[in-house]
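Peer 1: Please put together the full structure from these sequences, using the hints given.
Take the sequence shown: its position 209, counted from the start at 1, is 1438 in this note's numbering, and no numbers get skipped.
Honestly, the hints are just simulated from the structure, not real lab data. Among the hints, erroneous ones may be present.
Label-pair restraints from in silico Cβ distances [said to hold, decoys possible]:
(1) A1308 x G1530: 23 to 31 Å
(2) R1439 x D1367: 44 to 52 Å
(3) R1377 x E1322: 47 to 55 Å
(4) G1584 x S1273: 45 to 53 Å
(5) P1333 x D1620: 44 to 52 Å
Just so it is clear, CB atoms sit at the ideal spot from N, CA and C, and this is done for glycine as well.
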Amino acid sequence: MCGGEGHEVSVAGAASRSDRTVVDVAVVGGGIIGLAIAWRIARSGRNVRLFDPAPARGATFAAAGMLAPVSEYHYQEDALLPLMLASAARYPEFIRELSPNGEPTGYLPTETLLVGIDAGDRQALADLHSAHRRWNLDVQRLTTGAARAQEPLLGPRVTSAYRVRGDHQVDPRTLAARLVDDLIRTGRGVIVRERVVALLHADTADPDSRVTGVRTENEEVSAEEVVLANGLGANELEALPGGLHLPLRPVFGDILRLRVPVALQPLLSATVRGLVHGESVYLVPRSDGTLVIGATQREDGMPGVSAGAVHRLLRDAQELLPAVADLELVEATARARPATPDNAPLLGRMTGPDGADVPGLIVATGFFRHGVLLAPIAADICLHLINGEHDPRWDDIRPDRFATRNSPRTIAGRIRA
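Peer 2: Structure (structure tokens):
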């Protein structure tokens, strides 16, 4: 292990190979996934450097933080469900470790209501409930009277409802801040506000040789292991093994935050996820008296907030909860989330042309809309890989499962059902 104080730094000035920084693990990317991985590795006794010019300001900053493996279940994503359920089961212990003295984490064990408006919504929810039963998931159908007894402010047009007791929530901004604080407090974590531009290899002429560190715009850092957790930025790095291209695409989401006046608090006791004439919308009540409404999915390439999306979200949210019209709109945010062809993450080691894993590199990106939920299990999987432990349950999410090595870089057009 390498010595050194844990802190946050900004690096200036280039370093020669002779005075190159040496650490146990370099984590590229400071979203919720990178932070959780760095924190978990630091707690194992290793020294970690996390590189990100703006930690927790990307998709994490916009995320609603629903820990919802059941209500987030989508058809044709059956391979993803066990991973989501396993991570959700880890969350209570994850929070206890992160906050042994009750420090704020933003975690709330509140349940979730699934609701619908018209006949089409009712049928869609009934079909989803059939899928839930096939998986033996804990979902209870409610009468509209029972739903309104729990949430009196639900709108009069809500005609179907289901309770999901095990789907909870966390405030990603609060959680990320806690991870940063505890990572630094361990004395083994350093956050460097620099962008990594390239991987380093044992053989500079062979990108399939062992990964030995990273190069930023200002220095080179040697590491026994590198974890690539920088979302859509992963493909921008130089010297990815074998010229592989990760099949990532940006899916933009718009999300709103509203302030609830004291006279209307508590507005909701549960997260409400609804279908409104076939369109999805969710309302997440925060303990600070705000309400989060989201989220759209756009692939139009527009990084800013969509006016049409704001209109739709407010319109549909008011159908479910008319009191939304009386709230103060305090923030509209849009961010791009890294999506993959099958909506499952790219997590694990990459394979070289000889069929063996490329040593020294772990990829952890492509978490799309599940990054906050999957943070605990992603951290555990990465630590196990660093420890030389392999869990075959997660082989289906290897990061090179779509990739080919043809030139120019191509993506195998295979989508796992």
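Peer 1: Failing hints, ascending?
Peer 2: 3, 4 and 5
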